[in-house]
Amino acid sequence: MQIDIKTADVTPLRQTFKHVQERIGDNKPASRYQEATIALQPEANFHYRPYWDSANELYDKNRTAIVMEDWYAFRDPRQFYYGSWTIARAKQQDSTERNFSFVEQRDLLSLMSDEWRQVVADVLLPLRHVEYGANLNNYYVTSYGYGAAITQLTAFAGMDRLGIAQYLSRIGLILDGNTGELLNQAKEDWLQAERWQSLRRLMEDLLVVEDWFELLVAQTLVLDGLLYPLVYERMDKAVSENGGSSLAMLTEFMSEWFGESKRWVDATLKTAAQESEANREQLQSWINHWLPKVEAALLPVAERVFESEAEDVLEELKTELSVRLKKKCTLELS
Amino acid sequence: MSAKKLGLREKYSKMTRDLSWEPSYQPMEKIYPQTEMEGLKIEDWDKWEDPFRLTMDAYWKYQAEKERKLYAIIEAFAQNNGQLNVTDARYINALKLFLNGVSPLEYAAHRGFAMAGRQLPGVGAQVACQMQSVDELRHVQTQVHTISHYNKYFNGLDDFRHKHDNVWYLSVPKSFFDDAMTAGPFEFITAISFSFEYVLTNLLFMPFMSGAAYNGDMATVTFGFSAQSDEARHMTLGLEVIKFMLEQHPDNVPIVQRWIDKWFWRGYRLLSLVSMMMDYMLPKKVMSWKEAWEMYFVQNGGALFEDLARYGIRMPKYWEQTVAGMDHLSHQTWNTFYTHNHAAAFHTWMPEEDEMQWLASKYPESFDKYYRPRWEHYKKLEEEGKDFSNPSLPMLCQTCQIPMFYTEADDPTTISYRVSEYKGDKYHTCSDGCKDIFDHEPEKYIQAWLPVHQIFQGNCGGGSLEEVLDWYRLNQGVENVKYHLSEDFSNWKKWKGLDPETESDDEPRQVSNG
Numbered sequence: 092m093q094i095d096i097k098t099a100d101v102t103p104l105r106q107t108f109k110h111v112q113e114r115i116g117d118n119k120p121a122s123r124y125q126e127a128t129i130a131l132q133p134e135a136n137f138h139y140r141p142y143w144d145s146a147n148e149l150y151d152k153n154r155t156a157i158v159m160e161d162w163y164a165f166r167d168p169r170q171f172y173y174g175s176w177t178i179a180r181a182k183q184q185d186s187t188e189r190n191f192s193f194v195e196q197r198d199l200l201s202l203m204s205d206e207w208r209q210v211v212a213d214v215l216l217p218l219r220h221v222e223y224g225a226n227l228n229n230y231y232v233t234s235y236g237y238g239a240a241i242t243q244l245t246a247f248a249g250m251d252r253l254g255i256a257q258y259l260s261r262i263g264l265i266l267d268g269n270t271g272e273l274l275n276q277a278k279e280d281w282l283q284a285e286r287w288q289s290l291r292r293l294m295e296d297l298l299v300v301e302d303w304f305e306l307l308v309a310q311t312l313v314l315d316g317l318l319y320p321l322v323y324e325r326m327d328k329a330v331s332e333n334g335g336s337s338l339a340m341l342t343e344f345m346s347e348w349f350g351e352s353k354r355w356v357d358a359t360l361k362t363a364a365q366e367s368e369a370n371r372e373q374l375q376s377w378i379n380h381w382l383p384k385v386e387a388a389l390l391p392v393a394e395r396v397f398e399s400e401a402e403d404v405l406e407e408l409k410t411e412l413s414v415r416l417k418k419k420c421t422l423e424l425s
Numbered sequence: 002m003s004a005k006k007l008g009l010r011e012k013y014s015k016m017t018r019d020l021s022w023e024p025s026y027q028p029m030e031k032i033y034p035q036t037e038m039e040g041l042k043i044e045d046w047d048k049w050e051d052p053f054r055l056t057m058d059a060y061w062k063y064q065a066e067k068e069r070k071l072y073a074i075i076e077a078f079a080q081n082n083g084q085l086n087v088t089d090a091r092y093i094n095a096l097k098l099f100l101n102g103v104s105p106l107e108y109a110a111h112r113g114f115a116m117a118g119r120q121l122p123g124v125g126a127q128v129a130c131q132m133q134s135v136d137e138l139r140h141v142q143t144q145v146h147t148i149s150h151y152n153k154y155f156n157g158l159d160d161f162r163h164k165h166d167n168v169w170y171l172s173v174p175k176s177f178f179d180d181a182m183t184a185g186p187f188e189f190i191t192a193i194s195f196s197f198e199y200v201l202t203n204l205l206f207m208p209f210m211s212g213a214a215y216n217g218d219m220a221t222v223t224f225g226f227s228a229q230s231d232e233a234r235h236m237t238l239g240l241e242v243i244k245f246m247l248e249q250h251p252d253n254v255p256i257v258q259r260w261i262d263k264w265f266w267r268g269y270r271l272l273s274l275v276s277m278m279m280d281y282m283l284p285k286k287v288m289s290w291k292e293a294w295e296m297y298f299v300q301n302g303g304a305l306f307e308d309l310a311r312y313g314i315r316m317p318k319y320w321e322q323t324v325a326g327m328d329h330l331s332h333q334t335w336n337t338f339y340t341h342n343h344a345a346a347f348h349t350w351m352p353e354e355d356e357m358q359w360l361a362s363k364y365p366e367s368f369d370k371y372y373r374p375r376w377e378h379y380k381k382l383e384e385e386g387k388d389f390s391n392p393s394l395p396m397l398c399q400t401c402q403i404p405m406f407y408t409e410a411d412d413p414t415t416i417s418y419r420v421s422e423y424k425g426d427k428y429h430t431c432s433d434g435c436k437d438i439f440d441h442e443p444e445k446y447i448q449a450w451l452p453v454h455q456i457f458q459g460n461c462g463g464g465s466l467e468e469v470l471d472w473y474r475l476n477q478g479v480e481n482v483k484y485h486l487s488e489d490f491s492n493w494k495k496w497k498g499l500d501p502e503t504e505s506d507d508e509p510r511q512v513s514n515g
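Sequences listed follow chains E and H, in order.
Just so we're aligned, residue 92 is where the first sequence starts under our numbering, counting upward by one.
Just so we're aligned, residue 2 is where the second sequence starts under our numbering, counting upward by one.
Because the hints were derived from the structure by calculation, they are not lab data.
Just so you know, these numbers come straight off a predicted model, no measurement behind them.
Where hints are given, some of them may not hold.
Derived DSS-like pairs (lysine-lysine); straight-line CA-CA distance at most 30 Å [as the list claims (entries may be wrong)]:
#1 H/Lys67 x E/Lys109
#2 H/Lys67 x E/Lys182
#3 H/Lys497 x E/Lys119
#4 E/Lys109 x H/Lys494
#5 E/Lys353 x H/Lys48
#6 H/Lys70 x E/Lys109
#7 H/Lys67 x E/Lys119
#8 E/Lys119 x H/Lys153
#9 H/Lys62 x H/Lys48
#10 H/Lys70 x E/Lys119
#11 H/Lys445 x E/Lys109
#12 E/Lys182 x H/Lys12
#13 H/Lys70 x E/Lys182
#14 H/Lys62 x E/Lys182
#15 H/Lys31 x E/Lys384
#16 E/Lys119 x H/Lys494
#17 E/Lys109 x H/Lys483
#18 E/Lys109 x H/Lys153
#19 E/Lys109 x H/Lys497
#20 E/Lys152 x H/Lys31
#21 E/Lys152 x H/Lys445
#22 E/Lys119 x H/Lys495
#23 E/Lys353 x H/Lys62
Label-pair restraints from in silico Cβ distances [unchecked claim]:
#24 H/Glu23 x E/Ser186: 35 to 41 Å
#25 E/Glu372 x H/Asp426: 42 to 48 Å
#26 H/Lys6 x E/Asp185: 25 to 31 Å
#27 E/Asp144 x H/Glu468: 30 to 36 Å
#28 H/Gly459 x E/Lys152: 23 to 29 Å
#29 H/Arg259 x E/Asp151: 27 to 33 Å
#30 H/Lys285 x E/Asp302: 48 to 54 Å
#31 E/Asp144 x H/Gly463: 32 to 38 Å
#32 E/Asp144 x H/Asp433: 27 to 33 Å
#33 E/Arg189 x H/Lys6: 22 to 28 Å
#34 E/Ser336 x H/Lys6: 23 to 29 Å
#35 E/Glu188 x H/Gln300: 41 to 47 Å
C-beta atoms are modelled at their ideal positions from N, C-alpha and C, and glycine is treated no differently.
Same shape as in the complex, but just chain H (with noise of 0.2 Å):
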């Protein structure tokens, strides 16, 4: 024959872009119903460059080594005991975060990833958004398998996926997927793989399994290591597609940029859970939530945007409230947590004194002038057995359904809170940035299933808190206590054989920072 022989890159594209054809006997629009509903201008799908070019056999051949090392890992992770190795048993409830809050987003990113998979017309960014999908199944049941073992031993695991549908503040990762999945595919798009993945997935992935690592729990940084050239072809499809949208026409801009403001501000308020577990809930702490934003967003994701100012997209809008809030986000959270720990399902407490030391040194315009005194109040009423608890249901943003509980960028001691009406009713939301979104997809957000108000429509088991906490499937005196009152305490002097005799109740964590 005469013909020339295919290169690698045309060869490639025999194997995916050209299986598809143009549909004569159903029209396009039919087959592909969603393309046009976001006002998104494409011109021409082949200009799509495939961030990575995997063809199946590949693809099954280096993710089926990954299985094979990462189960024969978990394997003889649980035949050793290895839960007994973590640092203390203060840090199951990083874990329990993880698995309650974080693992079911994962399902979630797998049906988006296969609805976008399905809905964008072009194969390139079909086959990406395939692939995506199924590691994202993988993802989650890794987790699921890995956590697993934990589950046998620890309290507040066992229930994720009926928690995740209904406490109150798993709402607030809930909601976050439940917005991008049913906005179109190219918000989803830009929302998970370019804001979440892109931008933002060192401040969720990182903390976890650096934690992980830093805490002796060998079972979750395998999976983190493991997931790690996943997470690396996820993170080029989220660069890929933006340039793809901003490339094939200019009215895309303000839309995508819109997009990105959303985003960035979703997904910085799903990142408050994170910033109080690197600060509080590690045992042996890896970094602040400080540094890691300095590093993650201000740095890389400020040089990122510079990248990306040459199609005309800024940094996101409201930026600069997130450096202004760095010195107060995580301890705000955790009083959040440890004033309403009887709602949650897992354990809080008041950090040690060399913990003190540490947040001051890492929070120095703050900590010890806002936080450290509340601390140590709390740490006096649990040494009189007086815990301190807060009974009372928070009123909620409308937009990302955190309770009001934040202050103002300027003013540590003011709540920040924005009102806006719609149709004659009021809605209240948490800062410029989520008032924001509301007013600008209002008939969307009204619709937030809010846990305060479903408790108060009496959607959710009863009028008092105790039947509210049962429909929740809080195993009540067990979960939802604070860590020195709790039988994962109490397991755990057991099991590593400091006698729990000899421990006094007020002087509970003398094990820990083993």
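Bound-form chain E, shown alone (with noise of 0.2 Å):
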């Protein structure tokens, strides 16, 4: 059948969906991530109590002591849904892969010296399990979570994670030639080694978080808080000076994601603490909670790198987190 669209009168009824139109105002034409977002989740009327939680429903306001009148109030700045997150991974990804392939052609990381390449397999390798508990922690936010503008960011989260994890697996594979050996060396160490088990014992402390959103702020705000600043733009720089710049053409992805992570981040404390005073004190003994043993767990690997000044270079990180979380999210380091 072939129509004629030049006489064809189509006005639109409307623009947008309900749940859309209420929180957006009438007649406003709605974004791809406000159509992708708001109350995606179901709110009432729910069957059967889980077998594995028979004290709350399904969905359930009470998983966390956070209390929001409109779990929708949550807005992620970079204003992520499925197409633009996967989108955003894939250019990332593709410059990571260029990054990659001239590094090992060129067998860059062979300019480091023995006892430099020896601190980036001994620091960086075992990331690779915190890099997974990370993704487990996210997904529980997902699981457990309330609300679809916190539950998807989770879920690009733990599957960030995830590819960190496996690009971190890369580094180990390129610098033992492909044989796995610095992965298992690692993963004995992160087993073992003195230096690893106040980190370790934190992530396994963490995967038995009930709260999901203290783990959201343990993990998301303390933990990378400090971990992805020491990592990714301290050590990087000392491997740099150090010959080995090379390093952070594999390490470009990490740091350029966890700037742009903590926007959301930032976003979603800032909300909730704005939300209440009630908020603001949870959030708080939360932060308090936890950062004590982050900056412990943290330490003994920042003294690999740093040996003497490992302390000093925790307390600038600490400085720095201090100053994004006034500025960014309202809250106070203690």
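With the hints as a guide, bring both chains together as one complex.
Given below as structure tokens:
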């Protein structure tokens, strides 16, 4: 059937869905992010209590101490939905891939002294286990969190962390000529070496945290907020100054990722903190609880790179995090 | 270095299962508290065969390519008013059923697979479940974006979130996923990955997407093609998980068999909505429900269960009844919606004569004998301006939540119902399959949020039909009328340049079947 659309009078009846319109205002066109996010999670009339948590509904606001009037008050400054997330990551993946072949073809990591290669292997490679733990922690939030505005972000972040664990594994394979020996050693260190035990304990402690918002704060704000600047800014810089500038090409994904991801973490915490004094106190107490544990866990790792200056480096990073918290999240560091 | 270089398989293993470790600061059962709750015995997670070996970089690359193409087509579709190219505005009602009934299930699958991806203690299974979780998020979001354009021009699409949570017939799909998600991780993955994705997906996804292709819906069919490779991955996961559980311990066999029985029947009941879509809602038909069930379940499913026989698994219980019911399922379902159209967020209609002939040819055993006379009666009433509608509230099955309108497998003139007693109360179910499911987990099913019970208990806005429909946020007189009386129909005629003035109200569908 051929139709002549020039003569057809096709006036839209409405701009978007009701649950979107209710939040963005009448007769405004909605963005793809808004239509993909707002009110997407079921909210009422659940049929059965979960066998795995009979005290709560399938989706339940009571799985965290944080209280919100509207769980869609949260906005991702990057406006990620699946399509925009995966397209953004594909672009980064593309340039990461080019960086990896550039470094591999020219064997650039061999320009590092043996001493610094060892530092990189000792510090970077066990972190793939931290990334895996972070993957599970983000998926915990996606599983038991409330509202698609937050839970989709942790789904993306969870997959990102798996990707980062895989990039770290590839760095290990480049360093040892694809035998896997360095990765095996790194795992051995993660399980046994004194240097890693407080961090491993911290990761295992995080894996049993019940309140999903607490886990979000501990993992994505406190731990990542110190770990990423320590490894992908400070350590990268130290390695670069010692003939390992090519390493930064292999960790570019991680540093870019952190710069981008902290924006949604900050926005999420700020929205929760501004909702009520009770939320602010709760967030504050979680930060106070987890910060010393994170610091203690990172110190031995930092010492492997910065030796006697490690404490100072961590102090500086804490100051930076404190500034970030105050400015971006309206919260304090104890 | 002297050590041997890693092969592809070992390399993939380094990228996934080697990432985990045996915890020593926290007990395994605290990190994975749901592992033992279902009685399943898993002795060695290393025996898990990764159904597909996809690292994240490759995942991003493939998925982004598909997303770019899909969104380009959706944009072009909107720009060119592609909605005007569908066969007939009756087709849009299939989209209404899809967006209100199925898309929210994609969201549920996203969350359910996230839980399985967090709770199953093997990394191989975690990664496969997490990838599926994020794929399912893709599906719900791309479906919303695809149908968003239709929502601007047609009624019954704009409130799918509220309706899925509240409206009576949508409790059928909703309770299906609620049931799976409130079970443990192994039952969830058996229910969704195996029974639903592997055994039945061709009967849910295929009819909607082929229906779109046959009826000129470029946007939805593009989504369908784009999701096909995701679905293929999900199906391989479904088969792997079944084989893994069965190979781990012989004690798992009866547990898995019971899950297969339960979820096959739950899925079959859910598909009754699809059966009426295929036989009645598509202006241009793809194939009949009966043909689809014969091809995708009886033949393909039969071959699958023959293959699983070596594990001690047999065909799902009561599958013979689904075959006996093929001649009646879609007609009885459509009859219920036609007579309760005032309570539904889409339009119904009586088939045209050429469609009646098609139905008679596809259902020679049943259509002319049992259903054509009824349809002709309804049509006569329509012509007299006295559309038949049933204002009473039906009794619902305690398990599948469908009104009790199905007939006995061996007698299409007797309504089938079963009764169970539990703690002094009577509970009604629609079939042997649903009764078995109830009897095995009565504590679960007595909790069901049954829409009709809820209305009688005063939880749905009030005592009158109108109050309940307001509470459903049904736009009365617009969304819930027969097609020939609908705004969709009058707009369609206007947009297509078919002068509404010259159309008499009692012969409304001369424009259809283009």
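Hints, one by one, checked against the model:
The suggested pairing of lysine 67 of chain H with lysine 109 of chain E holds, with an alpha-carbon distance near 29 Å, which does not exceed 30 Å. Of the supplied pair hints, the one linking lysine 67 of chain H and lysine 182 of chain E holds, its CA atoms being roughly 14 Å apart against a limit of 30 Å. In summary, the hint linking lysine 497 of chain H to lysine 119 of chain E is supported, as the alpha carbons are separated by about 27 Å, within the 30 Å threshold. A distance of roughly 26 Å separates the Cα atoms of lysine 109 of chain E and lysine 494 of chain H; the hinted pair therefore holds under the 30 Å criterion.
A hinted pair counts as satisfied when its Cα atoms are at most 30 Å apart, and lysine 353 of chain E with lysine 48 of chain H does not qualify at roughly 38 Å. The straight-line distance between the Cα atoms of lysine 70 of chain H and lysine 109 of chain E is roughly 28 Å, inside the 30 Å bound, and the hint therefore holds. At most 30 Å may separate the alpha-carbon atoms for a hinted pair to count; lysine 67 of chain H and lysine 119 of chain E meet this at roughly 29 Å. With a C-alpha separation of about 12 Å, the suggested pairing of lysine 119 of chain E with lysine 153 of chain H holds against the 30 Å cut-off.
For a cut-off of 30 Å, the pair hint linking lysine 62 of chain H to lysine 48 of chain H stands: about 29 Å separates their Cα positions. Annotation: proposed proximity of lysine 70 of chain H to lysine 119 of chain E holds, straight-line Cα distance about 27 Å (limit 30 Å). With a C-alpha separation of about 33 Å, the suggested pairing of lysine 445 of chain H with lysine 109 of chain E is violated against the 30 Å cut-off. A C-alpha spacing of about 24 Å is found between lysine 182 of chain E and lysine 12 of chain H, which places the hinted pair at or below 30 Å, so the restraint holds.
The straight-line distance between the Cα atoms of lysine 70 of chain H and lysine 182 of chain E is roughly 15 Å, inside the 30 Å bound, and the hint therefore holds. For a cut-off of 30 Å, the pair hint linking lysine 62 of chain H to lysine 182 of chain E stands: about 8 Å separates their Cα positions. Proposed proximity of lysine 31 of chain H and lysine 384 of chain E is supported: the alpha carbons are some 20 Å apart, at most 30 Å. With a C-alpha separation of about 27 Å, the suggested pair lysine 119 of chain E and lysine 494 of chain H falls inside the 30 Å cut-off, and the hint holds.
Using a Cα cut-off of 30 Å, the hinted pair lysine 109 of chain E and lysine 483 of chain H holds, with the two alpha carbons roughly 23 Å apart. Distance restraint check for lysine 109 of chain E and lysine 153 of chain H: the Cα-Cα separation of roughly 11 Å lies within the 30 Å cut-off, and the hinted pair is therefore satisfied. With a C-alpha separation of about 27 Å, the suggested pair lysine 109 of chain E and lysine 497 of chain H falls inside the 30 Å cut-off, and the hint holds. Between lysine 152 of chain E and lysine 31 of chain H, the direct Cα distance comes to roughly 23 Å. Compliance with the 30 Å bound is thereby established for this hinted pair.
Proximity of lysine 152 of chain E to lysine 445 of chain H is assessed by CA-CA distance (about 22 Å); at most 30 Å being required, the pair is judged to hold. Under the criterion of a C-alpha separation no larger than 30 Å, the hint pairing lysine 119 of chain E with lysine 495 of chain H is consistent with the structure, at around 25 Å. Taken as a hint, the lysine 353 of chain E and lysine 62 of chain H pair is honoured in the structure, with Cα atoms around 24 Å apart against an allowance of 30 Å. For the pair glutamate 23 of chain H and serine 186 of chain E, the supplied restraint of 35 to 41 Å holds, since their beta-carbon distance comes to about 36 Å.
A hinted range of 42 to 48 Å for the beta carbons of glutamate 372 of chain E and aspartate 426 of chain H is consistent with their spacing of about 46 Å. Separated by about 26 Å at the C-beta atoms, lysine 6 of chain H and aspartate 185 of chain E satisfy the suggested range of 25 to 31 Å. Range check, aspartate 144 of chain E to glutamate 468 of chain H: Cβ separation about 34 Å, and the 30 to 36 Å hint holds. A C-beta distance of roughly 24 Å is found between glycine 459 of chain H and lysine 152 of chain E, which places it inside the suggested range of 23 to 29 Å.
Between arginine 259 of chain H and aspartate 151 of chain E the beta carbons are some 28 Å apart, a value that agrees with the proposed interval 27 to 33 Å. Separation of lysine 285 of chain H from aspartate 302 of chain E is about 53 Å and conforms to the stated range, judged on CB atoms against 48 to 54 Å. Range check, aspartate 144 of chain E to glycine 463 of chain H: Cβ separation about 33 Å, and the 32 to 38 Å hint holds. Distance hint check for aspartate 144 of chain E and aspartate 433 of chain H: the Cβ-Cβ separation is about 32 Å, which falls inside the suggested range of 27 to 33 Å.
A hinted range of 22 to 28 Å holds for the C-beta pair arginine 189 of chain E and lysine 6 of chain H, which are about 23 Å apart. Separated by about 27 Å at the C-beta atoms, serine 336 of chain E and lysine 6 of chain H satisfy the suggested range of 23 to 29 Å. Evaluation of the 41 to 47 Å hint for glutamate 188 of chain E and glutamine 300 of chain H yields a pass: the beta carbon distance comes to about 44 Å.
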